[in-house]
Amino acid sequence: MKNSIKALLIIIIAFGTYFVFDDMYFKTLRKWLFEITNQLGVSHIVTYLISGVPLFMGVLFIGRKTDFFQNLGLDKSITKGFLFALVCTLPMYIGFSIVFTFNSEISLNTFLISIVSAGFFEELFFRGFLFGLLFKRTTLGFILSVLFGSIYFGFLHLYQSTEFAELLGIFLVTFLGSILFSWVYTEWNFNIWIPVFLHMLMNLSWELFSVSDNAFGGIYSNVFRLLTVAFIIALTVYYKKKKGKKLEITKKTLWLQNTPKFIKNIH
Numbered sequence: 001m002k003n004s005i006k007a008l009l010i011i012i013i014a015f016g017t018y019f020v021f022d023d024m025y026f027k028t029l030r031k032w033l034f035e036i037t038n039q040l041g042v043s044h045i046v047t048y049l050i051s052g053v054p055l056f057m058g059v060l061f062i063g064r065k066t067d068f069f070q071n072l073g074l075d076k077s078i079t080k081g082f083l084f085a086l087v088c089t090l091p092m093y094i095g096f097s098i099v100f101t102f103n104s105e106i107s108l109n110t111f112l113i114s115i116v117s118a119g120f121f122e123e124l125f126f127r128g129f130l131f132g133l134l135f136k137r138t139t140l141g142f143i144l145s146v147l148f149g150s151i152y153f154g155f156l157h158l159y160q161s162t163e164f165a166e167l168l169g170i171f172l173v174t175f176l177g178s179i180l181f182s183w184v185y186t187e188w189n190f191n192i193w194i195p196v197f198l199h200m201l202m203n204l205s206w207e208l209f210s211v212s213d214n215a216f217g218g219i220y221s222n223v224f225r226l227l228t229v230a231f232i233i234a235l236t237v238y239y240k241k242k243k244g245k246k247l248e249i250t251k252k253t254l255w256l257q258n259t260p261k262f263i264k265n266i267h
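Numbering follows the working numbering, in which position 217 of the sequence shown is assigned residue number 217; successive positions increment by one, without gaps.
I should point out that these hints are in silico values taken from the structure, not numbers from a laboratory.
Note that the coordinates shown come from a computational prediction; the quantities given were computed from them, not determined experimentally.
Take the hints with a grain of salt, since some may be wrong.
Unchecked claim - With a straight-line Cα cutoff of 25 Å, these simulated BS3-like cross-link-like pairs (lysine-lysine) come out:
{"no.": "1", "residue 1": "80", "residue 2": "246"}
{"no.": "2", "residue 1": "240", "residue 2": "80"}
{"no.": "3", "residue 1": "261", "residue 2": "6"}
{"no.": "4", "residue 1": "65", "residue 2": "6"}
{"no.": "5", "residue 1": "243", "residue 2": "261"}
{"no.": "6", "residue 1": "241", "residue 2": "252"}
{"no.": "7", "residue 1": "241", "residue 2": "76"}
{"no.": "8", "residue 1": "261", "residue 2": "241"}
{"no.": "9", "residue 1": "245", "residue 2": "76"}
{"no.": "10", "residue 1": "65", "residue 2": "76"}
{"no.": "11", "residue 1": "243", "residue 2": "80"}
With the sequences and hints as input, model every part of the structure.
And the structure:
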């Protein structure tokens, strides 16, 4: 219990520091780096790395230095993460290619900012750090671990519209998407590359076929997106059953856990 409280305090302080820095200085720092590099995509990535320092320090304070990559899920198979995401996102690529127009003018900056940066850093910070460490290092269950990060994640995307109906749709899509990514991250043994590549490939399909200006989209885009969600859930459950493994998220782990999952894995 003592270690759980310590981990919780470190996570709160680290993410709080990141939140303040990101809110107050992210755009200013990115603008300054852009003036030096003249590369918007590169300056965006470097700004993410700098703003994430409080989170990286939090990971180091929580456990041994040798646990750094494990704590963030970076030690798992990149190949498995990519292949799983590729199969799951096929409905979006096939469907979008039929319904929408291919965007041949996608820029390098769009690729680096909307796909690479968004996919990697958002998953690393929100799934790997905030949700992952809360669920693995404290006695909080899945719902309590995922709730704040998913609400904040949803609010982060509200800049994409000013219409109430669209704002509500954007919030719900990103909020529920955050919960789904947290679930699949957990069920695949905390392999951060699973949600990273899912996020990247879903965003890429959105950009390649000019689906929508925001994350909500329309009827057709959401039909194919729901098919991808169904693939993610079905393939995950099938994989667990085939390997003879039980689901990690059950009634017993929804609200509170008797022992932090990291401690369980050690024993």
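Hint by hint, which ones does this structure get wrong, listed from lowest number up? none
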